[in-house]
Amino acid sequence: MRYLPKSPADRATMLHEIGVAAIDDLFATVPAEYRLGHDLNIPRQLGESEIIDYFKHAAALNATGYSSFLGAGAYRHYRPVIIDSLVQRGEFLTSYTPYQAEITQGTLQAIFEFQTMICELTGMDIANASMYDGSTGAAEAVMMAVRITGRDGVIVARSVHPEYREVMQTYAQHQGHSAGEIGFGEDGRVDLAALDAAVTEQTACVLVQSPNFFGIVEDIPAIAEIAHKKGALLVVSIAEAVSLGIVRPPVEADIVSLEAQSFGVALSYGGPYCGVIAAKEKYVRQMPGRLVGETKDKQGRRGFVLTLSTREQHIRREKATSNICTNQALVALMTTIFLTVYGKEGIRELALQNLAKANYAAETLGGTAETRLLFKRTPRFHEFVLETEESVESVSSRLLEKKIIGGLPLAKWYPELGNASLWCATELTTREQIDQVASVLANSPVAATSRA
Amino acid sequence: MASASEVQQEEIRATKKPFVGNTRKVTAHLTQNESLTFEKSSPGKKAYKLPPLDVPEVDAAAVLGGAVREDAGYLPELSEIEIIRHFTRLSTWNYAIDLGMYPLGSCTMKYNPRVNELVSRLEGIAEAHPYQPEHLSQGALQIIRTLQDCLIEITGMDTITLQPAAGAHGEFTGILLTRAYHQSKGNARKTVLVPDSAHGTNPATAAVVGYKVQNIKSNALGMVDVGALENLVTEDVAALMLTNPSTIGVFESEIHKIADILHAKGALLYMDGANMNALVGKTRPGDFGVDVMHLNLHKTFSTPHGGGGPGSGPVACKAILEPFLPTPVVVEKADGSLSFNYDRPQSVGRVRMFYGNFGMFVRALAYILANGPDGLRQTTEDAVLNANYIRKKLEDVYELPYKTPTLHEVVFSDRRQTQRGVKTGDIAKRLIDYGFHPYTTAFPLIVPGALMIEPTESESKEELDLFIDAMRQVAQEAEENPEVILSAPHSTRISRLDETAAARNPVLRWKPPVGASREE
Numbered sequence: 001m002r003y004l005p006k007s008p009a010d011r012a013t014m015l016h017e018i019g020v021a022a023i024d025d026l027f028a029t030v031p032a033e034y035r036l037g038h039d040l041n042i043p044r045q046l047g048e049s050e051i052i053d054y055f056k057h058a059a060a061l062n063a064t065g066y067s068s069f070l071g072a073g074a075y076r077h078y079r080p081v082i083i084d085s086l087v088q089r090g091e092f093l094t095s096y097t098p099y100q101a102e103i104t105q106g107t108l109q110a111i112f113e114f115q116t117m118i119c120e121l122t123g124m125d126i127a128n129a130s131m132y133d134g135s136t137g138a139a140e141a142v143m144m145a146v147r148i149t150g151r152d153g154v155i156v157a158r159s160v161h162p163e164y165r166e167v168m169q170t171y172a173q174h175q176g177h178s179a180g181e182i183g184f185g186e187d188g189r190v191d192l193a194a195l196d197a198a199v200t201e202q203t204a205c206v207l208v209q210s211p212n213f214f215g216i217v218e219d220i221p222a223i224a225e226i227a228h229k230k231g232a233l234l235v236v237s238i239a240e241a242v243s244l245g246i247v248r249p250p251v252e253a254d255i256v257s258l259e260a261q262s263f264g265v266a267l268s269y270g271g272p273y274c275g276v277i278a279a280k281e282k283y284v285r286q287m288p289g290r291l292v293g294e295t296k297d298k299q300g301r302r303g304f305v306l307t308l309s310t311r312e313q314h315i316r317r318e319k320a321t322s323n324i325c326t327n328q329a330l331v332a333l334m335t336t337i338f339l340t341v342y343g344k345e346g347i348r349e350l351a352l353q354n355l356a357k358a359n360y361a362a363e364t365l366g367g368t369a370e371t372r373l374l375f376k377r378t379p380r381f382h383e384f385v386l387e388t389e390e391s392v393e394s395v396s397s398r399l400l401e402k403k404i405i406g407g408l409p410l411a412k413w414y415p416e417l418g419n420a421s422l423w424c425a426t427e428l429t430t431r432e433q434i435d436q437v438a439s440v441l442a443n444s445p446v447a448a449t450s451r452a
Numbered sequence: 001m002a003s004a005s006e007v008q009q010e011e012i013r014a015t016k017k018p019f020v021g022n023t024r025k026v027t028a029h030l031t032q033n034e035s036l037t038f039e040k041s042s043p044g045k046k047a048y049k050l051p052p053l054d055v056p057e058v059d060a061a062a063v064l065g066g067a068v069r070e071d072a073g074y075l076p077e078l079s080e081i082e083i084i085r086h087f088t089r090l091s092t093w094n095y096a097i098d099l100g101m102y103p104l105g106s107c108t109m110k111y112n113p114r115v116n117e118l119v120s121r122l123e124g125i126a127e128a129h130p131y132q133p134e135h136l137s138q139g140a141l142q143i144i145r146t147l148q149d150c151l152i153e154i155t156g157m158d159t160i161t162l163q164p165a166a167g168a169h170g171e172f173t174g175i176l177l178t179r180a181y182h183q184s185k186g187n188a189r190k191t192v193l194v195p196d197s198a199h200g201t202n203p204a205t206a207a208v209v210g211y212k213v214q215n216i217k218s219n220a221l222g223m224v225d226v227g228a229l230e231n232l233v234t235e236d237v238a239a240l241m242l243t244n245p246s247t248i249g250v251f252e253s254e255i256h257k258i259a260d261i262l263h264a265k266g267a268l269l270y271m272d273g274a275n276m277n278a279l280v281g282k283t284r285p286g287d288f289g290v291d292v293m294h295l296n297l298h299k300t301f302s303t304p305h306g307g308g309g310p311g312s313g314p315v316a317c318k319a320i321l322e323p324f325l326p327t328p329v330v331v332e333k334a335d336g337s338l339s340f341n342y343d344r345p346q347s348v349g350r351v352r353m354f355y356g357n358f359g360m361f362v363r364a365l366a367y368i369l370a371n372g373p374d375g376l377r378q379t380t381e382d383a384v385l386n387a388n389y390i391r392k393k394l395e396d397v398y399e400l401p402y403k404t405p406t407l408h409e410v411v412f413s414d415r416r417q418t419q420r421g422v423k424t425g426d427i428a429k430r431l432i433d434y435g436f437h438p439y440t441t442a443f444p445l446i447v448p449g450a451l452m453i454e455p456t457e458s459e460s461k462e463e464l465d466l467f468i469d470a471m472r473q474v475a476q477e478a479e480e481n482p483e484v485i486l487s488a489p490h491s492t493r494i495s496r497l498d499e500t501a502a503a504r505n506p507v508l509r510w511k512p513p514v515g516a517s518r519e520e
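So the protein sequences, as listed, match chains A and B.
Residue numbers are given in my numbering: position 96 of the first sequence equals residue 96, and the series is strictly consecutive.
Residue numbers are given in my numbering: position 488 of the second sequence equals residue 488, and the series is strictly consecutive.
Read the hints as simulated data drawn from the structure, not as lab findings.
Check each hint, because a few of them may be wrong.
DSBU-like cross-link-like pairs, simulated, lysine-lysine; straight-line CA separation at most 30 Å [unchecked claim]:
id, chain 1, residue 1, chain 2, residue 2
1, B, Lys-190, A, Lys-298
2, A, Lys-319, B, Lys-185
3, A, Lys-344, B, Lys-49
4, B, Lys-265, B, Lys-333
5, B, Lys-40, B, Lys-25
6, A, Lys-296, B, Lys-40
7, B, Lys-25, B, Lys-49
8, A, Lys-344, B, Lys-265
9, A, Lys-298, B, Lys-511
10, B, Lys-423, A, Lys-319
11, A, Lys-56, B, Lys-40
12, B, Lys-265, A, Lys-298
13, B, Lys-333, A, Lys-403
14, B, Lys-333, A, Lys-412
15, B, Lys-393, A, Lys-296
16, A, Lys-296, B, Lys-190
17, B, Lys-25, A, Lys-298
18, A, Lys-280, B, Lys-511
19, A, Lys-319, B, Lys-49
20, A, Lys-282, B, Lys-393
21, B, Lys-333, A, Lys-296
Examples of chain B residues toward chain A, derived with CB under 7 Å [said to hold, decoys possible]:
id, residue
22, Tyr-74
23, Ile-84
24, Phe-87
25, Pro-203
26, Phe-340
27, Pro-448
28, Gly-449
Quick caveat, the model's predicted, so the values are computed rather than measured.
Think of the CB as a built atom: it goes at the ideal place given N, C-alpha and C, for glycine as much as any other residue.
With the hints as extra help, turn the sequences into a complete structure.
So this is what it looks like as structure tokens:
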């Protein structure tokens, strides 16, 4: 009980001062029949060294020492060391939501910087202080579009991350939205003709992802034109934020939902990550989540406060724009530090390296007799879809023998793509690793059979 | 010419008033001024160095065509030492648990153990990709499974999902389960009942899931009026969302009657578990009639709140709701290995991509392992002891609107102080001068001018005595010199901020100076 700062004598004194004989007297309002009469059946108290051993053992049961080509919404980028050292300062780590502005200016100014950086990167006017993650952010962005337009039709591209679409469906089902899906063409992009036919006067918004789930950059201006022609909004979801260093931001969008995990946030088996919604200024009153604004104190000095809280549930209750309350502030701080480290030049150089690595990987892996690069001629960032003669399962297990985690099988979500898998290369992927995969692919048993 | 920050420093010196009152905890200290990163930036500075590219360079314009970005936008350019100083200086402008008592009621700001941070950063944990093969994820799956087992035991429920990312997200998931359950019986029902003492997220959640919200009034004890409830529960009611102990810290003694009334009409009892720090190891919601509840790992189980998040809001429920849990769920295979099961035809779907805020699971489990059954019970007892000690030591100077015995928090009202023109928000600001983070102000709504104090178990008797001393001095100041409270805080680097102006004319981002070129 090393976390508890009271001695037995302190407890006795305090009970005496309160005027009760025993601690259980303070629980008298809990009816006797519901009081737990025994110890909880959970592991005994462990010493600190035992706790560390426990988690080291668990960590060893996970993959370590593998090279990995997985992306698909969770990206492996280098995380500068100062991020962890700064966010572990207790004043950031152990602070709460900055309700008392005078003693939380640190958190507030950092969020203001975060909001500014997100606006610069996405080309939007405003950004909030973060959402849970990219998937819930996209769902909230769609709900925001429904509120703004007063329409209930939602059109979602099938090339949006399948788990994002599932989350959106969960959110949408009780909001009275009707959600329809639009497929992708031979080039891996949203089928514009089908989209044009689907958007109607009832469409609240079109949701696309760019780069999309296949790593392909969508034709945002063309999609925006189709949506706007019928008065619908365009919501663009961005799962790979580093792309913004070299890919044109979706300035034609009305709302952008970004997952900022790539900016210095550990993969951590899927969370915590950092969603954020950015939008055109005129939609600020429909924005879910917290916003930090600049203001002045009584002496005219600059300071920051949480603002526009009349949108939020502690004031509006059942009429609030959303039920989101806790956000991902510490993770947003990590991304702010990451962006400060890389800065204007670095984010571009980083994105260029990703582009080059993926280009080399796509050409090397997609250029063999047994493999085919899908959506070959369409602009993509650092992910690509590889089709193999051999089943993805068989390729994967041969790669795992060499301590390589290969691409993600796509058949689960896209059965029509057959033996296709999604590959990702980042600045951490080395040429040697890519060449090693190529040599494993070249020794395909399928190839051996077809050659025979 | 003096820089903007020098001018600001001079202004601070000029307006600094000597501290009035006797604070034993803090003295005024210097904090350094710091501009925005954008204002400190200058072209060509770098804090990064990428390794040389080991593959052929590409022409971005050729690869991306019209999708290439030409304008990189305004991001700051600084060196590493400047960045370290920038964020370190900002950090010193924050109050934090590591600096002292943070008695925000309902938020459970307890100590965040550092070993939790260490284990969450072990390579096999921090670098685990959510789509890596299951046989290479057994460690992560075991952590999930063990935490689930512990939380099921602590709550007395039958099953759990860890997927929700925060408390309100857990509420959303719990009400989705409720809705799916009723729908499976052929009628989703229309209404969710919410006491007027509830967190604002409760009614917002019910509305997001498509329910009509019916607020119910608390009785004179600050509890659910069982008689009134009986009249309100019809076969159109899906659930009651109840915080227990309530937001005034009172345990709903008639909880089983409440559950029986709901169950008799087929409705469910949802418990907002925000206040579980008052119950762990002493009593279990599953034993007193709760059907579904969420937990806040960032409150009860010590995962750090980081200035507003991340959180984690697991939802525990009874077996009747199990078929509806979000996908995927963790299952044990015949060979004893763990796996995700996605084949769940009655599931409400998915509430978040991947599996939830896994990094928070690691921290919460580390906390549970550090405490064990005896430590968790002692933690609860200390939290309740601390709150009752404060209550006893302050009830003669602050109005106690509900005399009902309370558990882990105590809610006073500002009724006596308002007679001198001093409100709860003013007292809160004055408390800052004494070296404390304020309590929760103006909530719950059932207490006009509420002062909601939750010390948690993390406070020593010494810190509690300092807090009590500060609160008593402020009460005295309200009698003798209300002006010193109304103009507080006096010791902070900035004084009270103009929140009205911030909302009327929102400035939500920094803008480059007019005429500045984006491309340097």
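Hints and how they fare:
1. B:Lys-190 to A:Lys-298: Violated, because 49 Å separates the two Cα atoms, which is more than 30 Å.
2. A:Lys-319 to B:Lys-185: holds (29 Å)
3. A:Lys-344 to B:Lys-49: Distance of about 13 Å is within 30 Å: holds.
4. B:Lys-265 to B:Lys-333: With Cα atoms ~39 Å apart, Lys-265 (chain B) and Lys-333 (chain B) exceed 30 Å; violated.
5. B:Lys-40 to B:Lys-25: violated (35 Å)
6. A:Lys-296 to B:Lys-40: It holds: about 20 Å lies between the C-alpha atoms, which stays within 30 Å.
7. B:Lys-25 to B:Lys-49: violated (44 Å)
8. A:Lys-344 to B:Lys-265: violated (61 Å)
9. A:Lys-298 to B:Lys-511: At roughly 23 Å apart (the allowed maximum being 30 Å), Lys-511 (chain B) and Lys-298 (chain A) satisfy the hint.
10. B:Lys-423 to A:Lys-319: holds (27 Å)
11. A:Lys-56 to B:Lys-40: violated (42 Å)
12. B:Lys-265 to A:Lys-298: Measuring from Cα to Cα gives roughly 56 Å; hence the hint is violated.
13. B:Lys-333 to A:Lys-403: Holds - the C-alpha atoms of Lys-403 (chain A) and Lys-333 (chain B) are around 24 Å apart, at most 30 Å.
14. B:Lys-333 to A:Lys-412: OK: Lys-333 (chain B) and Lys-412 (chain A) at ~20 Å, within 30 Å.
15. B:Lys-393 to A:Lys-296: Violated. Lys-393 (chain B) to Lys-296 (chain A) sits at ~37 Å, over the 30 Å cutoff.
16. A:Lys-296 to B:Lys-190: violated (46 Å)
17. B:Lys-25 to A:Lys-298: holds (26 Å)
18. A:Lys-280 to B:Lys-511: With Cα atoms ~15 Å apart, Lys-280 (chain A) and Lys-511 (chain B) stay inside 30 Å; holds.
19. A:Lys-319 to B:Lys-49: violated (49 Å)
20. A:Lys-282 to B:Lys-393: Distance of about 51 Å is beyond 30 Å: violated.
21. B:Lys-333 to A:Lys-296: violated (60 Å)
22. Tyr-74: holds (5 Å)
23. Ile-84: The hint holds - Ile-84 (chain B) has a Cβ within 7 Å of chain A, the shortest such distance being about 6 Å.
24. Phe-87: Cβ of Phe-87 (chain B) sits 5 Å from chain A, so the hint holds.
25. Pro-203: OK, holds: Pro-203 (chain B) within 7 Å of chain A, min 4 Å.
26. Phe-340: violated (11 Å)
27. Pro-448: Nearest chain A Cβ about 16 Å off; hint violated.
28. Gly-449: violated (16 Å)
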